[in-house]
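The hints should help you fit chain B onto chain A, whose structure is shown.
Protein chains: 2
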Amino acid sequence: MIKKQIVVGLLGFGNVGTGTYQALEMNREAIKEQSGLDISIGKILVRDPQKDRSISIPPGVLTDDAGSILNDPTIDIVVELLGGLHPAGELMLQAMNNGKHVVTANKAALAANFKALEKAAIDNGVQLRYEASVAGGIPILNAIRTALCSNQILEIKGILNGTTNYMLTQMTDHGLAYDDVLKTAQEKGFAEADPTDDVEGYDVANKLSILIALAFGTIVSPKDIPTKGISGITKEFIGEAKSRNNKIKLIATARNNGAGLEYRVEPEEIPFHHPLAGVNNEFNAIFIEGNAVGELMFYGRGAGPLPTGSAVLGDIIDIGKTIVPGRV
Amino acid sequence: MIKKQIVVGLLGFGNVGTGTYQALEMNREAIKEQSGLDISIGKILVRDPQKDRSISIPPGVLTDDAGSILNDPTIDIVVELLGGLHPAGELMLQAMNNGKHVVTANKAALAANFKALEKAAIDNGVQLRYEASVAGGIPILNAIRTALCSNQILEIKGILNGTTNYMLTQMTDHGLAYDDVLKTAQEKGFAEADPTDDVEGYDVANKLSILIALAFGTIVSPKDIPTKGISGITKEFIGEAKSRNNKIKLIATARNNGAGLEYRVEPEEIPFHHPLAGVNNEFNAIFIEGNAVGELMFYGRGAGPLPTGSAVLGDIIDIGKTIVPGRV
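Quick note, the sequences are listed as chains A and B, same order.
First residue of the first sequence? That's 1 in the working numbering, and the numbers climb one at a time after it.
First residue of the second sequence? That's 1 in the working numbering, and the numbers climb one at a time after it.
Here chain A stands alone, though its shape is the one from the complex (with noise of 0.2 Å):
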């Protein structure tokens, strides 16, 4: 098997990146050995290359200059795990232009600059990888952009953040109210301080934008896809709901109905005997019917570093099976 060196730089270095570097760490042998691809991390993008770190990171690899990353000829791909809009969408950008392929995890980014993303890497000749910014660790895009080709998708249902399907789950489970569920939450490090994200649907928005245009290949922007989160619910709607054999769940759902596509964020009653009933806590699942295929379900942790890393990993494993020795 031909051996290729591919050198990745990270923009960013918190939980994600971290996860990245350690699930690397862990399997770069067997990746090695499995797909003749030797990965290393050249650069590390992070605020303080002084700061203390759990990870011992070799000298030299980490650097507080963007550019020293963007424009160095021996890096091949480019990670972008900084996370917010700015900069992340301008650093893939100025990646893609300079012949890098991009990998990110960031899907504000990534849904708020869809086309122009898409477009430099077409106009580049690089690859542009965003597995890991939905549902974490499962692999759903990579099955819509391969396996499932061969279908037409009718409709793609998906829980698809972990922090409101634990509230809602211990909420089920337990008869608990609405704010001591977020309290609990917020202090096992589930939901963040100001959790409006989560909790309104507005990070979930993000990640129907991202299965639509892959799935459907049509562009809808998160703020155009009717978001409605999980703040109202009460144990008293989730105990009506019970009573019905239903469990209440955060969905969103994409659907081509003949006519057009039908998509939104919302609060759905889903009956017990569906299996994304069955998805519980901080678990993710996405349920996508496709035209030859019927149903399918792909459950997996939808956060967290390792399983993060995971899919960041994947893409960069993806890509680097693409590369041409000597191209840069």
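Just so you know, the hints here were simulated from the structure itself, not pulled from any lab data.
Treat each hint with caution, since some may be false.
What the hints assert, rightly or not - Only pairs whose alpha carbons sit at most 27 Å apart, straight line, appear in this in silico DSS-like list of lysine-lysine:
| id | chain 1 | residue 1 | chain 2 | residue 2 |
| --- | --- | --- | --- | --- |
| 1 | B | K235 | A | K119 |
| 2 | A | K183 | A | K119 |
| 3 | B | K115 | B | K223 |
| 4 | B | K228 | B | K188 |
| 5 | A | K115 | B | K3 |
| 6 | A | K3 | B | K321 |
| 7 | A | K3 | B | K32 |
| 8 | A | K119 | B | K321 |
| 9 | B | K32 | B | K4 |
| 10 | A | K4 | B | K321 |
| 11 | B | K235 | B | K183 |
| 12 | B | K242 | B | K3 |
| 13 | B | K119 | B | K321 |
| 14 | A | K188 | A | K119 |
| 15 | B | K32 | B | K3 |
| 16 | A | K321 | B | K321 |
| 17 | B | K242 | B | K115 |
| 18 | B | K115 | A | K32 |
| 19 | A | K32 | B | K183 |
| 20 | A | K228 | A | K188 |
| 21 | B | K321 | A | K32 |
| 22 | B | K188 | B | K235 |
| 23 | A | K115 | B | K321 |
| 24 | A | K242 | B | K242 |
| 25 | B | K223 | A | K321 |
| 26 | B | K32 | A | K115 |
| 27 | B | K242 | A | K4 |
| 28 | B | K235 | A | K321 |
| 29 | A | K115 | A | K32 |
| 30 | A | K119 | B | K32 |
| 31 | B | K115 | A | K119 |
| 32 | B | K119 | A | K321 |
| 33 | B | K3 | A | K321 |
| 34 | A | K51 | A | K32 |
| 35 | B | K4 | B | K228 |
| 36 | B | K242 | A | K321 |
| 37 | B | K242 | B | K183 |
| 38 | A | K3 | B | K115 |
Chain B in isolation, oriented as in the chain A frame:
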């Protein structure tokens, strides 16, 4: 986008062949638009080209001469859907020796000849794909082959046979006896007149052998997998499991225990809260644990003409993308 003509020859036109043909008819234009591949079925090997069929096939496509497919220079991909060991294995080898890529749904012929078939693919510089051989429409092999390369697989646990899962579900949900549900399954066409392959677990052992080869890189012959079916499962056993909050499922397991690989096919008690416990009736699912991604589950239809045809067509498209125009 560059348009490519891809010509396929089908060996066999039973359930899966018909499903593949129909999936392509339904989605040909969408595939062309999305991937640039213009896929057509050039020839189909059948026993009797004159037989009345529910689908109308253009004249000249049906043939009873395998050689007219294997030696046709216009055919890029040979799709083997004959079932059984012979002549399926020999025809796949011959197709690859003739420079054709091969797609198969035939778990028995694949598991029995795995090494020889993989070697023929490498020797001839062609691709061998078999997504439909395990869990029908569920794209589990594609996930292992691509997105999950970023992981070392620790464990696979699968419900891989729809017939036995239907039977166990009926016994569990309605307290029915084994013989009664077998009879109903046979009447509904879910079980064959001779159900041995399904109920004794041999069908599952073939599928597990293929999963092990791909996920762990180890060739284990199906006959070397300790295999126990469900014919000894009484409604009393199921009742006792229920009293322990468990369901009995026919489970294929392969686990890397650190020192080596453990594998078996046998009925197991699965706790109600485990995702596999919610996989009912004719559905299949594969639960997979990677060292980075953690727990994933893939759920869908493990059989049926269109779901299986979806997997066959997915493999055809995937190979088609790699074919350099003008190669033949």
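Hint check results:
With a CA separation close to 60 Å, the supplied pair B/K235 and A/K119 exceeds the 27 Å bound. Distance hint between A/K183 and A/K119 is unfulfilled; the C-alpha atoms sit about 43 Å from each other, more than 27 Å. Of the supplied pair hints, the one linking B/K115 and B/K223 holds, its CA atoms being roughly 15 Å apart against a limit of 27 Å. Taken as a hint, the B/K228 and B/K188 pair is honoured in the structure, with Cα atoms around 24 Å apart against an allowance of 27 Å.
Annotation: proposed proximity of A/K115 to B/K3 holds, straight-line Cα distance about 23 Å (limit 27 Å). Distance restraint check for A/K3 and B/K321: the Cα-Cα separation of roughly 23 Å lies within the 27 Å cut-off, and the hinted pair is therefore satisfied. Distance restraint check for A/K3 and B/K32: the Cα-Cα separation of roughly 34 Å exceeds the 27 Å cut-off, and the hinted pair is therefore not satisfied. Using a Cα cut-off of 27 Å, the hinted pair A/K119 and B/K321 holds, with the two alpha carbons roughly 21 Å apart.
Straight-line distance between C-alpha atoms of B/K32 and B/K4 comes to about 9 Å, which keeps the hinted pair within the 27 Å bound. Annotation: proposed proximity of A/K4 to B/K321 holds, straight-line Cα distance about 22 Å (limit 27 Å). Taking the CA atoms of B/K235 and B/K183, the gap is about 15 Å. The hint holds against a cut of 27 Å. As the CA atoms of B/K242 and B/K3 are separated by approximately 56 Å, the hinted pair breaks the 27 Å bound.
Taken as a hint, the B/K119 and B/K321 pair is honoured in the structure, with Cα atoms around 22 Å apart against an allowance of 27 Å. Note on A/K188 and A/K119: the hinted pairing is violated, with a Cα-Cα distance of about 40 Å set against a maximum of 27 Å. Proposed proximity of B/K32 and B/K3 is supported: the alpha carbons are some 8 Å apart, at most 27 Å. Restraint check for A/K321 and B/K321: satisfied, since their Cα atoms lie roughly 14 Å apart, inside the 27 Å limit.
Of the pairs offered as hints, the one joining B/K242 and B/K115 is violated, with about 42 Å between alpha carbons and a cut-off of 27 Å exceeded. For the given pair, B/K115 sits about 22 Å from A/K32 by alpha-carbon distance, which is consistent with the 27 Å threshold. Using a Cα cut-off of 27 Å, the hinted pair A/K32 and B/K183 is violated, with the two alpha carbons roughly 51 Å apart. With a C-alpha separation of about 24 Å, the suggested pairing of A/K228 with A/K188 holds against the 27 Å cut-off.
The straight-line distance between the Cα atoms of B/K321 and A/K32 is roughly 24 Å, inside the 27 Å bound, and the hint therefore holds. Note on B/K188 and B/K235: the hinted pairing holds, with a Cα-Cα distance of about 21 Å set against a maximum of 27 Å. With a CA separation close to 24 Å, the supplied pair A/K115 and B/K321 stays within the 27 Å bound. Among the hinted pairs, A/K242 with B/K242 is consistent with the structure: their alpha-carbon atoms are about 22 Å apart, no more than 27 Å.
Distance check on the hinted pair: B/K223 and A/K321 sit about 35 Å apart at the alpha-carbon level, beyond 27 Å; violated. Proposed proximity of B/K32 and A/K115 is supported: the alpha carbons are some 22 Å apart, at most 27 Å. Among the hinted pairs, B/K242 with A/K4 is inconsistent with the structure: their alpha-carbon atoms are about 53 Å apart, more than 27 Å. The straight-line distance between the Cα atoms of B/K235 and A/K321 is roughly 51 Å, outside the 27 Å bound, and the hint therefore fails.
For a cut-off of 27 Å, the pair hint linking A/K115 to A/K32 is broken: about 34 Å separates their Cα positions. For the proposed pair A/K119 and B/K32, the alpha carbon gap of about 21 Å is at most 27 Å, so the pair holds. Between B/K115 and A/K119 the alpha-carbon distance is near 43 Å, which puts this suggested pair outside the 27 Å criterion. The straight-line distance between the Cα atoms of B/K119 and A/K321 is roughly 21 Å, inside the 27 Å bound, and the hint therefore holds.
Distance restraint check for B/K3 and A/K321: the Cα-Cα separation of roughly 23 Å lies within the 27 Å cut-off, and the hinted pair is therefore satisfied. Proposed proximity of A/K51 and A/K32 is contradicted: the alpha carbons are some 31 Å apart, above 27 Å. Between the alpha carbons of B/K4 and B/K228 the distance comes to roughly 47 Å, so the proposed pair goes past 27 Å and is violated. Note on B/K242 and A/K321: the hinted pairing is violated, with a Cα-Cα distance of about 48 Å set against a maximum of 27 Å.
Straight-line distance between C-alpha atoms of B/K242 and B/K183 comes to about 23 Å, which keeps the hinted pair within the 27 Å bound. Simply put, A/K3 and B/K115 have alpha-carbon atoms about 23 Å apart, close enough for the 27 Å limit, and the pair holds.
Of the hints listed earlier, those the structure fails to meet are numbers 1, 2, 7, 12, 14, 17, 19, 25, 27, 28, 29, 31, 34, 35 and 36, in rising order.
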